[in-house]
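*Asks:* What follows is the residue order along each chain.
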Amino acid sequence: MYNDNDRAKLFTRRALLLGGGQVALVGTLVARMYYLQVVEAAKYRLQSDSNRISTQLLAPPRGLIFDRNGTALAVNRHNYRVLLIPEQAPSIDYALDQLSHVILLTDADRERVHRDARRHRPFVPITVRDNLSWEDVARIEVNSLDLPGVTIDVGQSRYYPLGKLGGHILGYVAAPTAADLRAEPNDPLLELPGFRIGVAGVEKVYDLALRGKGGKKEVEVNALGRVVRELDRQDGIPGINLNLTLDMRLQEYAAQRLAGQSAAAVVMDIHSGDVIVMASTPSFDPNDFNRGLTNAEWKNLTDDPLAPLIDKAIAGQFAPGSTFKLNTALAGLESGAITPQTKFFCPGYMQLGNMVFHCWKRGGHGLIDMPSAIQQSCDVYFYHTAQRTGIDRIHDMGMRLGLDHPTGIDLPNEMPGLVPTRAWKRRTLHQPWHPGETLIAGIGQGYILVTPLQLAVMVSRIANGGFAVKPHLARDLIKGATVSPRPPPDWPSCNIADDHLAAVRKGMYEVVNKPGGTAYYERILDPSMAMCGKTGTAQVRRITRRERELGLTSDADFPWKYRDNALFVAYAPADAPRFAAVVVVQHGGEGASASAPVVRDLLIEVQKRAQALAEGERRTQTWTG
Amino acid sequence: MAFRSRYSSALNPNEMTWRDKVWQINWGLITLITAVAAIGFLTLYSAAQGSIHPWALKQMIRFGVGLGVLLVVALIDIRFWLRQAYPIYGIALLLLVAVLIRGTIGLGAQRWISLGFIQLQPSEVMKVGLVLALARYFHGATIQEIGKPLFLVPPLIMVGLPVALVLKQPDLGTAMMLVMAAGAIFFMAGVRLWKFAVVIVLGLACLPVAWHFLHGYQRERLVVFLNPGADPLGAGYHILQSKIALGSGGLFGKGYMMGTQSRLDFLPEKQTDFIFTMFGEEWGMIGGLVLLTLYVLLVTYGFAIALRCRSHFGRLMALGVTTTFFLYFFINVAMVMGLVPVVGVPLPLVSYGGTAMLTVLFGFGLIMNAYVHRDVVIGRRGANEE
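Protein sequence lines correspond, in order, to chains A and B. Residues 1 to 625 (my numbering) make up the first sequence, in order. Residues 1 to 386 (my numbering) make up the second sequence, in order.
Next up, chain A with everything else stripped away, as it sits in the complex:
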């Protein structure tokens, strides 16, 4: 027998050593466990949460737009899409085959689905088709048992129920551009696929308010990014609904009356500045922009000589023609160059140096005072007035009446118009001012440009007693995303003497209501609605002496684009003015015949509505009182 005792003792000693070593190792495990699970626990809990919780933005519904009567102008329509979740279908082809029995699928659709499916994980839904009709949706839902992996998803798209009618004013929405994203780096909504922002019209001006605040939902995702369940949801704040001052029934009426012409019409409340009608024809359908225009459609819109994309009410700049005489008259009166009683003799022309300035009436108007000069639109009278007043003071009055600068209406791309000064000409054309230019400026020709809206503001300020009213489209005051009721109008004064305004208004009354007035035939017979106005027929080209000698002075003798612009500005009712209206028909011929009837009818309509409304209110008060 060999000696096992020594070995056993050695074994025991070493077993204790080995065991001790193992205890030490287990000790490190425990220490490490303590470090991870107690000391660093908070850090890892955070990391674990950020692993599993994914925050997704929820797009708020965009605010709706209504007119003053509550007619919906811009709404959100459900955009139904059919989605395919590849992992839930036996195969993509099988699912598409089944689906093609139910809805129309093109080869391009199939190709795109296959391409998208290859790019994404199999649980990511692939859009097969969007903008489904309700019939398509119904057919898919009915057949859903035979369509494994196929689901319907609903998004939102903007829809303008009235189509072309509001095109220029409403504008449209589009996906944010890279520049938009740079401009607003703090709004994560813009990054959301499918999110749209306003890019024209009031959609653009009030975009922040209409946009609303995004919501978010927290979902638990697994390591592959698949959503397992929803943890938390904060719905966003929907965009603020926008109420416009427009009356779409009148707007429609104006658009119909001007259809086929390149024209603009504005009706506004002379006290509040509410814009009730603002039409520009021809128009475009903003829905086409949401849908996406084809190249051909875009070319058609941009090549059209009637310029449907331009809102002529605020961006069309026209020579005001004789409508500007109201400004010249007030400039003359206020500067003391003339009084309402000042008379000038009109022989049919005026000579200045070696230049001859003609009156529209060949034989002349004879000796004529200011209101009558307005009534009959005597050019010579205003040549004299302008000459005495001087261009700078004419410009000054223009500024006070709202010309030569944007009216500040809540629309983008408004043009400023132009009423020149001597300084302006020196500055921009580097030429001295000619006295003759003052004369033609006095009758609204030459350099002078106005927008139809500016004319409406000018008439409003004359009619409301000289208060610097400004036009607006939104019923409420909206700054950024906050809305407050518009305070009652408190316009600053234009500082024009009342009797001067009264004299001009008298002239405007006679234009329409006194025989011999240029718009006598368009007068409103109901005295409670009587309209006061001023015609304007602005040459877009100079009639040459040779043409005059040939007798080619009639507008109809020239091709369309050389014909005169027809203008008519008016307010009503005559005794207690409330509404101003302007119609400009480009190359429409004479203001009295092309524009005045439309203005007359618009003023009749708007007054009728106002009367009906007042009548209704009166009755309601009687009943309740």
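Errors might be hidden in some of the hints.
What the hints assert, rightly or not - Derived lysine-lysine pairs resembling PhoX-like cross-links, with alpha carbons at most 25 Å apart:
#	chain 1	residue 1	chain 2	residue 2
1	A	K343	A	K361
2	A	K204	A	K479
3	A	K608	A	K506
4	A	K470	A	K506
5	B	K195	A	K9
6	A	K9	B	K148
If you're looking for bench data, these hints aren't it; they were derived computationally from the structure. Nothing here was measured: the structure is a model prediction, and the numbers come from that model.
Keeping the supplied structure of chain A fixed, place chain B upon it in accordance with the hints.
*Replies:* Same frame as chain A, but now just chain B:
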């Protein structure tokens, strides 16, 4: 004699009947083993989101089979294992060669061999085979013999061959376990400490060369181990997610079946190598300590049994297996906590997997065997002591 009264047959312990042996079975050890395995079943049930499929049920069946194997191994005469130690080692070696020639590639390494009815991992068999062979070798050695360097050459070759084969698969974790378990047996057999020092120094000197022979993924794992944040979505992903899971479990855990990291698949291999992480996420540090305590108790049992053995073979075998078991859970737990590089070592008795379960239970069969035959005295060459 005092010990005679413990045996019903009133014979000496060298000639126990089967009945005698059954009475000797240590039910405390069996209970501990079953408790750890039960934690495994619970965790696998949770890993399958509250289902016994696909893991828990299969694991239970395997555990049942393994328990049977344990008992059979325990009851076979210890001298049989002594005599068959070299043949078993030889078979394991042959299997290792076979797996290199025609093994199945699993997870990028050749580890599996199909025996028709069962998928076998020869490296696991070798863990037992090597312990048996070394125990057999040192069983007959006197302290004087062990003092001679030449005497240590054969057992070194016994270790070197399988380690080389396992490294070739490549399976760094198992190779390390083989080396360390063998080291423990050398140590317990009485090999001088300075010889270990020499080997360790030599080994460190060879590290740069070894680095050269490492596979790309192995190097990556080492780099990631040294700097886990370097590539959080790539190679560092496993260990980072594992630490997040454990850490977020905190002291008390997220609750059974509520571990988000594992349930949402952030945790890789949650039913196998990273099951401790999943357990720790759901049960917290408290749960982890309970499981570690159970393991420490099992190891303590192993030590106690080894120390109680009268045969040197039994002592070495029991301690070799115990140390292998210790290495299993230590390496696994240290790995999931980011203390050692990721090397595919399962958590014994808990991780889903058939071969590891059978190996471990076979190992505990040997420990139990040593306990049952604790009073058997064996001669130098395996004969009864006359």
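*Asks:* Against this structure, judge whether each hint is valid.
*Replies:* Checked hints:
no. : hint            : in the structure
1   : A:K343 x A:K361 : 17 Å, holds
2   : A:K204 x A:K479 : 13 Å, holds
3   : A:K608 x A:K506 : 24 Å, holds
4   : A:K470 x A:K506 : 24 Å, holds
5   : B:K195 x A:K9   : 20 Å, holds
6   : A:K9 x B:K148   : 20 Å, holds
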